[in-house]
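Number of protein chains: 2
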Amino acid sequence: MNAPLPDHVLPRIELRPVPPAMLEALKARFAERCSTALAVREQHGRGESVYDAAPPEAVLFCESNDDVMFAVRLAHEHAVPVIPFGVGSSLEGHLLAVQGGISLDLSRMTKILAVHAEDLTVTVQAGVTREQLNREIKDSGLFFPIDPGANASIGGMAATRASGTNAVRYGTMRENVLGLTVVTAAGELVHTGTRARKSSAGYDLTRLFVGSEGTLGVMTEITLKLYPLPEAVSAAVCHFPSIDAAVRTTIQIIQMGVPIARCELLDAHAIRAVNRHSKLDLAEQPMLLMEFHGSEAGVKEQAEIVQELAAEFGGGGFQWATTPEARTKLWTARHQAYFAALQMRPGCRCQSSDTCVPISKLAESINESVAEAEASGIPYWIVGHVGDGNFHLSYLMDPDDAAEHAAVERLNVLMVERAIRLGGTCTGEHGIGLHKMGYLVQEAGEGTVALMRSVKQALDPKNIMNPGKVFRA
Amino acid sequence: MNAPLPDHVLPRIELRPVPPAMLEALKARFAERCSTALAVREQHGRGESVYDAAPPEAVLFCESNDDVMFAVRLAHEHAVPVIPFGVGSSLEGHLLAVQGGISLDLSRMTKILAVHAEDLTVTVQAGVTREQLNREIKDSGLFFPIDPGANASIGGMAATRASGTNAVRYGTMRENVLGLTVVTAAGELVHTGTRARKSSAGYDLTRLFVGSEGTLGVMTEITLKLYPLPEAVSAAVCHFPSIDAAVRTTIQIIQMGVPIARCELLDAHAIRAVNRHSKLDLAEQPMLLMEFHGSEAGVKEQAEIVQELAAEFGGGGFQWATTPEARTKLWTARHQAYFAALQMRPGCRCQSSDTCVPISKLAESINESVAEAEASGIPYWIVGHVGDGNFHLSYLMDPDDAAEHAAVERLNVLMVERAIRLGGTCTGEHGIGLHKMGYLVQEAGEGTVALMRSVKQALDPKNIMNPGKVFRA
Numbered sequence: 001m002n003a004p005l006p007d008h009v010l011p012r013i014e015l016r017p018v019p020p021a022m023l024e025a026l027k028a029r030f031a032e033r034c035s036t037a038l039a040v041r042e043q044h045g046r047g048e049s050v051y052d053a054a055p056p057e058a059v060l061f062c063e064s065n066d067d068v069m070f071a072v073r074l075a076h077e078h079a080v081p082v083i084p085f086g087v088g089s090s091l092e093g094h095l096l097a098v099q100g101g102i103s104l105d106l107s108r109m110t111k112i113l114a115v116h117a118e119d120l121t122v123t124v125q126a127g128v129t130r131e132q133l134n135r136e137i138k139d140s141g142l143f144f145p146i147d148p149g150a151n152a153s154i155g156g157m158a159a160t161r162a163s164g165t166n167a168v169r170y171g172t173m174r175e176n177v178l179g180l181t182v183v184t185a186a187g188e189l190v191h192t193g194t195r196a197r198k199s200s201a202g203y204d205l206t207r208l209f210v211g212s213e214g215t216l217g218v219m220t221e222i223t224l225k226l227y228p229l230p231e232a233v234s235a236a237v238c239h240f241p242s243i244d245a246a247v248r249t250t251i252q253i254i255q256m257g258v259p260i261a262r263c264e265l266l267d268a269h270a271i272r273a274v275n276r277h278s279k280l281d282l283a284e285q286p287m288l289l290m291e292f293h294g295s296e297a298g299v300k301e302q303a304e305i306v307q308e309l310a311a312e313f314g315g316g317g318f319q320w321a322t323t324p325e326a327r328t329k330l331w332t333a334r335h336q337a338y339f340a341a342l343q344m345r346p347g348c349r350c351q352s353s354d355t356c357v358p359i360s361k362l363a364e365s366i367n368e369s370v371a372e373a374e375a376s377g378i379p380y381w382i383v384g385h386v387g388d389g390n391f392h393l394s395y396l397m398d399p400d401d402a403a404e405h406a407a408v409e410r411l412n413v414l415m416v417e418r419a420i421r422l423g424g425t426c427t428g429e430h431g432i433g434l435h436k437m438g439y440l441v442q443e444a445g446e447g448t449v450a451l452m453r454s455v456k457q458a459l460d461p462k463n464i465m466n467p468g469k470v471f472r473a
Numbered sequence: 474m475n476a477p478l479p480d481h482v483l484p485r486i487e488l489r490p491v492p493p494a495m496l497e498a499l500k501a502r503f504a505e506r507c508s509t510a511l512a513v514r515e516q517h518g519r520g521e522s523v524y525d526a527a528p529p530e531a532v533l534f535c536e537s538n539d540d541v542m543f544a545v546r547l548a549h550e551h552a553v554p555v556i557p558f559g560v561g562s563s564l565e566g567h568l569l570a571v572q573g574g575i576s577l578d579l580s581r582m583t584k585i586l587a588v589h590a591e592d593l594t595v596t597v598q599a600g601v602t603r604e605q606l607n608r609e610i611k612d613s614g615l616f617f618p619i620d621p622g623a624n625a626s627i628g629g630m631a632a633t634r635a636s637g638t639n640a641v642r643y644g645t646m647r648e649n650v651l652g653l654t655v656v657t658a659a660g661e662l663v664h665t666g667t668r669a670r671k672s673s674a675g676y677d678l679t680r681l682f683v684g685s686e687g688t689l690g691v692m693t694e695i696t697l698k699l700y701p702l703p704e705a706v707s708a709a710v711c712h713f714p715s716i717d718a719a720v721r722t723t724i725q726i727i728q729m730g731v732p733i734a735r736c737e738l739l740d741a742h743a744i745r746a747v748n749r750h751s752k753l754d755l756a757e758q759p760m761l762l763m764e765f766h767g768s769e770a771g772v773k774e775q776a777e778i779v780q781e782l783a784a785e786f787g788g789g790g791f792q793w794a795t796t797p798e799a800r801t802k803l804w805t806a807r808h809q810a811y812f813a814a815l816q817m818r819p820g821c822r823c824q825s826s827d828t829c830v831p832i833s834k835l836a837e838s839i840n841e842s843v844a845e846a847e848a849s850g851i852p853y854w855i856v857g858h859v860g861d862g863n864f865h866l867s868y869l870m871d872p873d874d875a876a877e878h879a880a881v882e883r884l885n886v887l888m889v890e891r892a893i894r895l896g897g898t899c900t901g902e903h904g905i906g907l908h909k910m911g912y913l914v915q916e917a918g919e920g921t922v923a924l925m926r927s928v929k930q931a932l933d934p935k936n937i938m939n940p941g942k943v944f945r946a
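Heads up: the sequence lines are chains B and F, in that order. Note that this note's numbering has the first sequence beginning at 1, numbered continuously upward. Note that this note's numbering has the second sequence beginning at 474, numbered continuously upward.
Chain B with its partners taken away, still in its complex shape (with noise of 0.2 Å):
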């Protein structure tokens, strides 16, 4: 048993199912591409929240803009939900098709399109994963920052708004996506924004579908902002009596304006985890994993601050990883993280809720939510991109246990109404789906909310696209 989906999903209001000569039509050009297998339903049914899968009626492996267009434009004609799919690492359910209709697995797209290597862009295909993309541009001399721990694909990282251990220095998917190709609601292509690195030329559209979770268009090409590989990388660890004190360290290197790269905070209970999966024998107390990139001076100078900073607050046993391989087993560790801590209590299922503060106010945020966490007696476990006020709190939850699923969520609740209060966004990352529907309209207002509908409205009149996220239509 999984979590029950929230209330404000239930009942499955709606359903609506695919005509028969839709799915003739579809099976017709895409053959063995498309696929009404329940397994392969149920995986793209998913994702990996906690909630029990919601599987499309079909799902189709989509090689093209052609084959986009083409499933979209019956589904318009239809009126069948559409929902896309990278590689299935959401988080808040965004992929569960509650309204049914067809799933498009755009994970066959995988073409890098165009490499400006001299203007510093690539487009890619959606498919792409940020794994492939950095090995493929290997040699340029160049690569994409935006890391959100999974190997998310390119087009899922920019529906969610994705950003990760590198936003801090390199801002997140909406600052590094320069122009979309996309298949709208209707089945029509379109393209948004252009190669040059600004413009003032109407709306932005691309930022529009970015973040937009698949609710109002099918992005299929995705051109990027690259940059040069650092003349020197060099990444540490430094261990503190407190996250309190690794927080406030953290507060001061971002005030102080110090460009760190990365600055991941992972607690006790993350760090055990990582340790027994990845054999490590990082000290299990709570960390700071940072990452300067510059040239050897300018790494040397912002290490030098940063130890500085960290010894006022207790931080020490500074360990430094400069080469390549040790830099690599670091990070590879704190991505595992999650498949590490899933392993810590067997047969679980992990809820993980992100939340983002202003800075200043990042400290009473993950305290508070420490202290309501460790009274809770459920196992938990936080990472945190702290540099940018983010960080995820992740329980550990027995499936077949229906009050801890009940206590989970009640403790979710509080931490997002806090961040919420001190100022911050009820997501940093993971976005709406179906779990932050409520909270959404608690941050935004309902007259903000209205906007969104609005324009969801106007974009998607048949409300097509990914029905049932982010707001009720």
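Heads up, a few of these hints could be off.
Stated by the list, open to error - Derived DSS-like pairs (lysine-lysine); straight-line CA-CA distance at most 27 Å:
| id | chain 1 | residue 1 | chain 2 | residue 2 |
| --- | --- | --- | --- | --- |
| 1 | F | Lys-773 | F | Lys-802 |
| 2 | B | Lys-300 | F | Lys-773 |
| 3 | F | Lys-773 | B | Lys-462 |
Hint data in this document are derived by calculation from the structure and do not stem from the laboratory.
Assemble the complex: chain B is given as a structure, and chain F must be docked to it using the hints.
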């Protein structure tokens, strides 16, 4: 005589009169803050574009959100156009009341509402100018970097998605607005965004309003990112044998990832004007005016790299300005280039157009535009935020010479169409306004402009917000 309105806004279809009852209601509330004097109306119906003024019927000097809501609600009820006004420095005809209506002058809304120095954010009323803002936060050790040259209002800068000299390092208004208070077309007050540095909560309405040129609502309060004043700042000028050499140096600087804070091109014509106006004795040949921000060592390092690169392209005569006074002198001269140039041809009117291209195309983009300008015989001058691939070509036109107007417009077509062909945009930072509506369609395509139109219709169904601008509603 000024330039006639372009064909696509003529005839001034559908002048929508302010009903007497509405005018009475406005006068009752605003009293002497409601002006119908011709001089006031003409000043508010023009800006810095080449067009004849198209005055609104009344100008309201707003002092609060309530003032704005009151006026917009009346306008909404009577379907009367509303044109927000900051300081009037718009260049593309944004302020012309081509369908009549009322101008909302926000220049008295000059409160700094909240400085959160510890979070590097500030919230201001829309009428605060960038110079006022930086003056008032000086003691916090922070600054707001966006600098379009003119001492524009923050509201106006947000409306046109402005950028300017610092954008190469700090981004544009797109990257630096965290949240907004907006009076919608129905006169409702809504808030977008939060003070958190990032968020995945729902549609990015903040960036939808930023750059919407007053056509979707009235931004009355703006929350901005601030930055710590750099430990060290140093400015330098460097002269080049040709514009091409200066541009190629810039391309290398960007491609190498040097974190230069400002990288401005001035051509010989601009320098001649600046020398005369500001009593300087800069060599009258193409010049880069650069600024470096960072630690003492970091600034030195950047400057050394740039000097080496410049030398490869024949750049020389580096002159450093490390004292605040020396830097202020240089940047003041740069900022006065516009007014300095106007004085080079007494009685002239300046048509300034800007484009932005991927950096590798910048040399081609500028060189061909310069060749065309030279061949025309019409006085011109060039400045550019070349680190972004962005430059401005400005012609000094005889206002009584219709043939010259037409020639300048033909030259502008060539420049803009070239930028679009090279993968760039028809405007890097001035906006579409009236002048570039046709180019927006060329750049984005009919389908994409149709999406913009849908958004406009959804948020402003009566088409009262700055109607007739950006695209045909």
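Given hint F:Lys-773 paired with B:Lys-300 - CA-CA distance at most 27 Å: The given pair, whose Cα atoms are some 15 Å apart, holds under the 27 Å limit.
Hinted pair F:Lys-773 and F:Lys-802, Cα distance within 27 Å: Holds, because 21 Å separates the two Cα atoms, which is no more than 27 Å.
27 Å Cα cutoff - pair F:Lys-773, B:Lys-462: violated (59 Å)
In summary, the one numbered hint that this structure violates is 3.
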